[in-house]
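Just so we're aligned: the sequence shown equals residues 1 to 913 in the numbering used here.
Because the hints were derived from the structure by calculation, they are not lab data.
Fair warning: there could be bad hints in the mix.
[As the list claims (entries may be wrong)] Capping the alpha-carbon separation at 20 Å, the derived lysine to any residue pairs in SDA-like fashion look like this:
id, residue 1, residue 2
1, Lys438, Arg483
2, Lys403, Thr489
3, Lys438, Gln469
4, Lys403, Ala426
5, Lys403, Ala350
6, Lys438, Ala367
7, Lys403, Glu362
8, Lys403, Ala361
9, Lys403, Ala367
10, Lys403, His344
11, Lys438, Gly421
12, Lys403, Ala473
13, Lys403, Thr358
14, Lys403, Ala479
15, Lys403, Leu342
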Amino acid sequence: MHLAWLRPRRSLAGRLALAVTGAVTAALVLAAALSVWREVDRYAADKQAALEAVAQVFAHGGARATAANDEAAAAASLRAIGNVPSIVYGAIERPDGSVLAEQGIGLRLTQDAALDGADLSLLHLFATQSLRATAPILENGRPVGRVVLIGETDDIRDHVWAAGQNAALAALLAVAIGIGVSFYLQRSVTRPLGALTRTMEAVRLRHDYTQRAPVESDDEVGALARTLNDLLSAVNERDHRLAAHSAHLEAEVQARTADLREAKQAADAANAAKSTFLATMSHEIRTPMNGVLVMAELLASADLPVRQRRYAEVIARSGRSLLAIINDILDFAKVEAGKLDLEHVPVCPAEIADTVVTLFAERARAAGLDLAADIAPEVPQAILGDPVRLGQVVSNFVSNALKFTEAGHVSVRMALDAGDGCLVIAVADTGIGIPQDKLATIFSAFSQADQSTTRRFGGTGLGLSIAQQIIAAMGGTVAVESRVGAGSTFSARIPVTVAEPARPILRHGTVPAAIVLDTAGPATRVALAASLSGAGFAPVAPVAADRGAAPAHWVLDAAALVAAGRRPDRAGRVLVLAGAGDNAADQALRSGLADAVLRWPVIQAEWRPLLAALAAGDPFTASAAVAVATDLLPQFSGARVLVADDSAVNREVALEALARCGVADVVTVEDGAAAVAAAGAQRFDLILMDGSMPVLDGFAAARTIRQREAATDRRTPIVALTAHVLGEAAEAAEAAGMNGTLLKPFTLRQLADLLEAHVPSLRDAAREAAVGSEEARAALPTGASPGATPEASPDGDLLDAEVLDGLLGLGDGAFLDRVLDLYRAQGPVALATLRSALAVSDQPAIARAAHSLKSMSANIGARALVARLRAIEDAARNAACAEPQEACDGLETLLAATIRDLEGRTRAQAVAA
Numbered sequence: 001m002h003l004a005w006l007r008p009r010r011s012l013a014g015r016l017a018l019a020v021t022g023a024v025t026a027a028l029v030l031a032a033a034l035s036v037w038r039e040v041d042r043y044a045a046d047k048q049a050a051l052e053a054v055a056q057v058f059a060h061g062g063a064r065a066t067a068a069n070d071e072a073a074a075a076a077s078l079r080a081i082g083n084v085p086s087i088v089y090g091a092i093e094r095p096d097g098s099v100l101a102e103q104g105i106g107l108r109l110t111q112d113a114a115l116d117g118a119d120l121s122l123l124h125l126f127a128t129q130s131l132r133a134t135a136p137i138l139e140n141g142r143p144v145g146r147v148v149l150i151g152e153t154d155d156i157r158d159h160v161w162a163a164g165q166n167a168a169l170a171a172l173l174a175v176a177i178g179i180g181v182s183f184y185l186q187r188s189v190t191r192p193l194g195a196l197t198r199t200m201e202a203v204r205l206r207h208d209y210t211q212r213a214p215v216e217s218d219d220e221v222g223a224l225a226r227t228l229n230d231l232l233s234a235v236n237e238r239d240h241r242l243a244a245h246s247a248h249l250e251a252e253v254q255a256r257t258a259d260l261r262e263a264k265q266a267a268d269a270a271n272a273a274k275s276t277f278l279a280t281m282s283h284e285i286r287t288p289m290n291g292v293l294v295m296a297e298l299l300a301s302a303d304l305p306v307r308q309r310r311y312a313e314v315i316a317r318s319g320r321s322l323l324a325i326i327n328d329i330l331d332f333a334k335v336e337a338g339k340l341d342l343e344h345v346p347v348c349p350a351e352i353a354d355t356v357v358t359l360f361a362e363r364a365r366a367a368g369l370d371l372a373a374d375i376a377p378e379v380p381q382a383i384l385g386d387p388v389r390l391g392q393v394v395s396n397f398v399s400n401a402l403k404f405t406e407a408g409h410v411s412v413r414m415a416l417d418a419g420d421g422c423l424v425i426a427v428a429d430t431g432i433g434i435p436q437d438k439l440a441t442i443f444s445a446f447s448q449a450d451q452s453t454t455r456r457f458g459g460t461g462l463g464l465s466i467a468q469q470i471i472a473a474m475g476g477t478v479a480v481e482s483r484v485g486a487g488s489t490f491s492a493r494i495p496v497t498v499a500e501p502a503r504p505i506l507r508h509g510t511v512p513a514a515i516v517l518d519t520a521g522p523a524t525r526v527a528l529a530a531s532l533s534g535a536g537f538a539p540v541a542p543v544a545a546d547r548g549a550a551p552a553h554w555v556l557d558a559a560a561l562v563a564a565g566r567r568p569d570r571a572g573r574v575l576v577l578a579g580a581g582d583n584a585a586d587q588a589l590r591s592g593l594a595d596a597v598l599r600w601p602v603i604q605a606e607w608r609p610l611l612a613a614l615a616a617g618d619p620f621t622a623s624a625a626v627a628v629a630t631d632l633l634p635q636f637s638g639a640r641v642l643v644a645d646d647s648a649v650n651r652e653v654a655l656e657a658l659a660r661c662g663v664a665d666v667v668t669v670e671d672g673a674a675a676v677a678a679a680g681a682q683r684f685d686l687i688l689m690d691g692s693m694p695v696l697d698g699f700a701a702a703r704t705i706r707q708r709e710a711a712t713d714r715r716t717p718i719v720a721l722t723a724h725v726l727g728e729a730a731e732a733a734e735a736a737g738m739n740g741t742l743l744k745p746f747t748l749r750q751l752a753d754l755l756e757a758h759v760p761s762l763r764d765a766a767r768e769a770a771v772g773s774e775e776a777r778a779a780l781p782t783g784a785s786p787g788a789t790p791e792a793s794p795d796g797d798l799l800d801a802e803v804l805d806g807l808l809g810l811g812d813g814a815f816l817d818r819v820l821d822l823y824r825a826q827g828p829v830a831l832a833t834l835r836s837a838l839a840v841s842d843q844p845a846i847a848r849a850a851h852s853l854k855s856m857s858a859n860i861g862a863r864a865l866v867a868r869l870r871a872i873e874d875a876a877r878n879a880a881c882a883e884p885q886e887a888c889d890g891l892e893t894l895l896a897a898t899i900r901d902l903e904g905r906t907r908a909q910a911v912a913a
């Protein structure tokens, strides 16, 4: 039995002896390795500390030379390295990493990991046999470079060998002691273990966790027995707790379920409240928008001067864009899903540029900035895209540029990339610019260059982020180039599908190529030059034109031409550039100094016809020629329509819109109950029913009408005329038995399509032909016939034709009559007040009286009278008015002549009407 330990497969004692011996041996081997490792680590740490201390000394000594970038002095401070045997290399580096001075071995091996900052380890030290230390060089607390030292570790092998010998001797001694101890443990361990085995077997067979193992000693085996007993006690206690918990588990599950149900109900209620709020918000916003859009469309299609009609069209287009944006903001599904739906309809890029430039023209003019758009000749006439979103992107770019530009210009450039066919839109400005470190975040939401930018210029920082998301949804990219103090250029590249190819304008061979650009606005000048060059012209500077002998066309500012009082020498055709309301343009035309007027800001709708006429040598046509004719609406003169809406504005809008579609037989009511009564009293071809009304809402009224119609064979079309686009209201129309929905605000075309869908048999083709002819005649200037050219105004210099055209477009003839009656009554009174003030030379009273008469005269376009009164007012405000009382006699004559001319214009308008 004394050799049982040698048979490990048969004896626990033998296995225990082998286990103890093996464990001791393994532990000692690990301890020896750890001892060697720690010795190497201590050695490396001491070496590293010593090397870093030396590096600090050299860093202090070379600080002044490094700060002065003195290579000679720095090299001199490193020569002491030769006195330190363990240092083989030293260098002083500048802050950018370049070497200022070095001493020692210059070659640094790529496999030398310790030289490149690797962790200190046994393998690395054996491989490199070197250490690297650095120390910053400070001059007055400012880092100006660093010192790099490399030291040798050749004696590391001796340290490792000595530590290994000591560890091996200690391991052998410990193994011998362990073998002896293992023989003693055989007897003291096997007997208690047998008792433990019997106890555990009883627990396994009977699941009796009350069994306890005997504890015969206080050694480890006794501790094991006590631990087993504690474990059995813990398991027994756990079983008791599980039994008690199982008894209460069902009640706890029911309580948790009730809490979850309450939380779900609260979340559903919050969700429903949000949807209701968005639906209400939609209704409140879209209801006034209905009046704005429909009335703007009616105004745009009225008999207005060309420029006023274009303003109305811009209002209508901008309103539709605003409505589309509001729809996306209020659309709960899109907000929750983070999706943005894009249209794919034909879009004219030039029209997008015209709309944006016109919208921001007044803002640019007020800031003293030039604003222009340049459309390259290769840009298609139409592309497939989303006009609202594309306009929103360009508007955001231009708005951002104007906001951060205090002087100079903002230019919009559209071109087609010949490589990939992408539409490139670039908006450049001469503003404050953006720092380079801010460019990476400029398109992030709520991001601006810094907080002072928001305080100074305002804004939320959302515009560019929205533009980037829209362009990304179109499959394109955005970019920005900027330099502080020089301006920025924001650009977008969009892949496009051409719906209508470009129609470039080319100069006829017989038309002179030279054209002089002499305009004040740099962006406008560059845009015109690019357009003219694309058409085959050769833009030149005024100085070059003076030296040339060949005739040249001219484009110059109207004020400069009028001030010069003559056409340029050897001038071909002369175009003048003038802002809205600039009288110099009209004066240049009347006096024959100019051949055509180009209004600022230059828009393609006005510029391209002029350019085409210039390139072909054709006569310039009136500005009315560029007006876009509105689509003729179908007429339903035989239809009878019931309109139910609690808003007086909406009822008025519906009446006007229906009238444009030829519907004259319209009954309006203010609530659902009145609509039910009206529908029962007489027959209607169509009912337009608002959803939200007092007394009885439109959906309940529709259900009532449908219930009453169930007993008859009649079913009147009922359309929900509602501003609700979210929540339950959008589906309520179908549930109430309505035939469709017309969302407010609606366009005339949408209303006409609705009438065509529900009452097609009542369409009046004969009336449509008559209306079309009437609208065609209305598009001509007053008193003109097709093909006639406009004549000069008979009013000479007394009246401002543009102001008069605006007055004539603000209503019917009675409006101008009322204005003239007021002016005829109040003008002489104001002149009498001025005469009295001149009699006593009361300078403040003279200024007030002259200003009063000047203001009312300016409103009716009395140009000559305004000029005289302005001189008197300015002199009086400077206390230098020396006009005698008799000066009012001339003013009285001028006032009478002005009134006569106004009366003549009124009579001519009445005859033309």
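Structure-based check of each hint:
no.: 1; hint: Lys438 - Arg483; verdict: 11 Å, holds
no.: 2; hint: Lys403 - Thr489; verdict: 14 Å, holds
no.: 3; hint: Lys438 - Gln469; verdict: 19 Å, holds
no.: 4; hint: Lys403 - Ala426; verdict: 17 Å, holds
no.: 5; hint: Lys403 - Ala350; verdict: 23 Å, violated
no.: 6; hint: Lys438 - Ala367; verdict: 26 Å, violated
no.: 7; hint: Lys403 - Glu362; verdict: 13 Å, holds
no.: 8; hint: Lys403 - Ala361; verdict: 13 Å, holds
no.: 9; hint: Lys403 - Ala367; verdict: 10 Å, holds
no.: 10; hint: Lys403 - His344; verdict: 31 Å, violated
no.: 11; hint: Lys438 - Gly421; verdict: 30 Å, violated
no.: 12; hint: Lys403 - Ala473; verdict: 26 Å, violated
no.: 13; hint: Lys403 - Thr358; verdict: 16 Å, holds
no.: 14; hint: Lys403 - Ala479; verdict: 19 Å, holds
no.: 15; hint: Lys403 - Leu342; verdict: 28 Å, violated
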